[in-house]
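Novice: Protein sequence lines, in the order shown, are assigned to chains Y and W.
Throughout, my numbering is defined as the position within the first sequence, counted from one, plus 80.
Throughout, my numbering is defined as the position within the second sequence, counted from one, plus 3.
I should point out that these hints are in silico values taken from the structure, not numbers from a laboratory.
A virtual CB, placed ideally from N, CA and C, is assigned to each residue, including glycine.
There's no promise every hint is true.
Unchecked claim - Partial selection, computed: residues in chain Y whose CB lies under 8 Å from chain W:
hint: 1; residue: Pro182
hint: 2; residue: Tyr183
hint: 3; residue: Ala187
hint: 4; residue: Leu200
hint: 5; residue: Asn216
hint: 6; residue: Leu331
Said to hold, decoys possible - Keeping only pairs whose Cα atoms sit at most 35 Å apart, straight-line, the calculated DSBU-like set for lysine-lysine is:
hint: 7; chain 1: Y; residue 1: Lys280; chain 2: Y; residue 2: Lys126
hint: 8; chain 1: Y; residue 1: Lys278; chain 2: Y; residue 2: Lys126
hint: 9; chain 1: Y; residue 1: Lys126; chain 2: W; residue 2: Lys63
hint: 10; chain 1: W; residue 1: Lys38; chain 2: Y; residue 2: Lys201
hint: 11; chain 1: W; residue 1: Lys63; chain 2: W; residue 2: Lys38
hint: 12; chain 1: Y; residue 1: Lys201; chain 2: Y; residue 2: Lys280
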Amino acid sequence: MVLALAAAALALPIVVSDPFALDISIRVLLFAFIGVAWNLMGGYAKQLSLGHAAFFGLGAYTSTILLIRFGISPWIGILAGGVVAMAASLPIGALCFRLRGPYFAIATIATAQVLMLLFLKFRDFAWGAEGTTLPNLGDAPLMMQFESKAAYYYLALALLALGLAITYRIERSWMGFYLVAVGEDEDAAEAVGVDTTKIKRHIYLISAFLTALGGTFYVEYIYFIDPNTAFSFNVSVEAALVSIVGGVGTLWGPVVGTALLEATSALLQSWFGSGHGGVQLTVYSLILIAVILWRPSGLIGLFTDLYQRFTAGSARAKEVPLDG
Amino acid sequence: MNVALLLFTANYRTVQTAYSELSFHIGPLYFAVAKLIAFGIAMLLSAVLYLFLHGTDLGKAMRAAAQNREVAMLMGINPDRVFCVAVGVALALAGAAGSLLMPFYPAYPLVGQIFVLMAFVAVVLGTLGNITGALIASLMMGVAESLGVQFVGADSGLIVVFVMLLLTLALRPNGLFGGWAR
Chain Y
81 MVLALAAAAL ALPIVVSDPF ALDISIRVLL FAFIGVAWNL MGGYAKQLSL GHAAFFGLGA
141 YTSTILLIRF GISPWIGILA GGVVAMAASL PIGALCFRLR GPYFAIATIA TAQVLMLLFL
201 KFRDFAWGAE GTTLPNLGDA PLMMQFESKA AYYYLALALL ALGLAITYRI ERSWMGFYLV
261 AVGEDEDAAE AVGVDTTKIK RHIYLISAFL TALGGTFYVE YIYFIDPNTA FSFNVSVEAA
321 LVSIVGGVGT LWGPVVGTAL LEATSALLQS WFGSGHGGVQ LTVYSLILIA VILWRPSGLI
381 GLFTDLYQRF TAGSARAKEV PLDG
Chain W
4 MNVALLLFTA NYRTVQTAYS ELSFHIGPLY FAVAKLIAFG IAMLLSAVLY LFLHGTDLGK
64 AMRAAAQNRE VAMLMGINPD RVFCVAVGVA LALAGAAGSL LMPFYPAYPL VGQIFVLMAF
124 VAVVLGTLGN ITGALIASLM MGVAESLGVQ FVGADSGLIV VFVMLLLTLA LRPNGLFGGW
184 AR
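Sequences and hints are given; from them, build the entire structure.
Specialist: What follows is the structure in structure tokens.
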């Protein structure tokens with residue numbers, strides 16, 4: 081099934097050439113990727129971070145500054161951004177990991193806000209509030225700039241595949257079990273010998289690195305950066321929301337959640353966008369509330385339930401002749 | 004919020020009251036009447052809320068249900084009912100705060116977003132579930148923001164507030180009134 085999905089994802093830009101549809105697909109892939117990065121931290125270890133915009137913005141700004149000030153290709157910048165985000169996650173983690181629940185959430189929001197306000201202040205160095213546009217070099221694959229949207233699509237797809245592969249590996253390693261233990265009950269995990277601070281630090285490093293990759297990709301895609309988009313609170317919320325709607329602590333949860341949310345919002349926008357402002361947002365919120373009330377553990381539960389019913393049904397079918 | 008966007012459009016609106024422009028001086032200090040009224044009523048409402056939470060059976064049930072849901076149920080409290088009342092009281096107070104702001108603050112559908120974050124910061128800084136703490140924390144935040152604007156730069160007020168929050172949480176993980184860090 082995964083193979084069929086991957087084949088469909090690979091074939092999509094060949095079949096679909098409408099730029100609007102491709103743009104939506106790219107956004108879906110990007111936010112699914114950021115959701116996957118958030119899910120490592122917020123889903124498996126249940127550390128409700130609402131400050132992942134900090135890493136998104138750091139990744140975006142690092143690669144942009146390297147590109148414009150030093151002429152370094154974003155291919156290097158994307159990794160540099162990831163490393164900067166990892167470095168930033170250490171002090172943020174040291175500060176926040178002792179906090180629980182809402183205290184942790186608000187501390188992560190505060191760090192992202194402080195970073196945004198600092199970048200608003202850095203006028204000479206990082207263009208302050210007005211932001212900057214990235215130089216358009218035309219078709220320059222070495223500078224991560226492409227003529228066709230399909231190239232961006234495949235790049236976003238590659239990022240998502242990377243995120244899913246890392247999650248898959250972690251989910252099945254000792255680290256995944258440690259993370260779930262921390263998520264279930266931190267004190268109990270500590271009592272049976274899990275170094276909770278260390279495991280949270282490690283997963284925060286990975287999560288920050290991946291989120292920063294998403295940030296670099298985003299500015300390279302939209303050709304513009306300013307503190308309010310790079311460190312937008314909406315990025316943090318979106319990352320958490322798609323995972324929560326799709327199902328936290330599951331491999332495919334964020335992907336399912338993003339596909340649903342982004343597709344609905346884009347479709348609603350094209351249906352209602354020309355009428356009264358706000359209609360599409362109202363309908364979107366109603367759908368969101370309905371999903372959360374109907375499936376508090378996320379939509380992914382729907383799929384696994386069906387799958388289990390299906391396999392349980394066939395298993396019973398096999399058992400019957402044995403009994404008889 | 005988005006329904007408000009639909010109904011009232013995204014325009015800014017203000018209310019002019021008889022006292023919107025009034026102000027008076029005491030020595031070198033300057034007071035705007037509208038803000039003073041808002042401050043007075045807000046303090047009064049906080050005091051009433053404090054009395055409600057600590058003096059009435061319903062208020063005590065609310066705090067008990069928040070502390071430990073299961074034990075509260077054993078004591079014959081219906082947590083769902085109590086939480087419904089709590090949400091109602093909270094929304095009513097937030098509505099009151101909104102109307103108190105109207106004489107000197109423009110209203111538009113997305114106005115709440117600024118206050119949501121600041122309210123969350125104040126409550127966490129002053130320890131969740133502690134009214135006195137939230138009051139003291141909000142005063143500290145207001146003073147910190149003004150000092151930041153005065154001494155660090157006009158755009159740095161919020162940096163000072165957030166840094167203050169982070170430093171406080173570093174020393175006291177449960178807010179100002181949640182006991183020292185171990």
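Novice: If a hint holds in the structure, say so; if it does not, say that too.
Specialist: Going down the list of hints, with the structure as the test:
A hinted interface residue such as Y/Pro182 counts as satisfied when its beta carbon comes closer than 8 Å to some beta carbon of chain W; here the least separation is about 6 Å, so the hint holds. A hinted interface residue such as Y/Tyr183 counts as satisfied when its beta carbon comes closer than 8 Å to some beta carbon of chain W; here the least separation is about 6 Å, so the hint holds. A cut of 8 Å between beta carbons decides the hint on Y/Ala187: the least distance to chain W is about 5 Å, and the hint holds. A cut of 8 Å between beta carbons decides the hint on Y/Leu200: the least distance to chain W is about 6 Å, and the hint holds.
Interface hint status for Y/Asn216: violated, as the beta-carbon distance to the closest one in chain W is roughly 30 Å, over 8 Å. For the restraint placing Y/Leu331 at the interface with chain W, the shortest Cβ-Cβ distance is roughly 31 Å, beyond the 8 Å limit, so the hint is violated. With a C-alpha separation of about 10 Å, the suggested pairing of Y/Lys280 with Y/Lys126 holds against the 35 Å cut-off. At most 35 Å may separate the alpha-carbon atoms for a hinted pair to count; Y/Lys278 and Y/Lys126 meet this at roughly 15 Å.
Simply put, Y/Lys126 and W/Lys63 have alpha-carbon atoms about 31 Å apart, close enough for the 35 Å limit, and the pair holds. Between W/Lys38 and Y/Lys201, the direct Cα distance comes to roughly 30 Å. Compliance with the 35 Å bound is thereby established for this hinted pair. The straight-line distance between the Cα atoms of W/Lys63 and W/Lys38 is roughly 32 Å, inside the 35 Å bound, and the hint therefore holds. Only pairs whose Cα atoms come within 35 Å are accepted, and Y/Lys201 paired with Y/Lys280 is accepted, the gap being roughly 31 Å.
Against the hints set out earlier in the document, violations occur for numbers 5 and 6.
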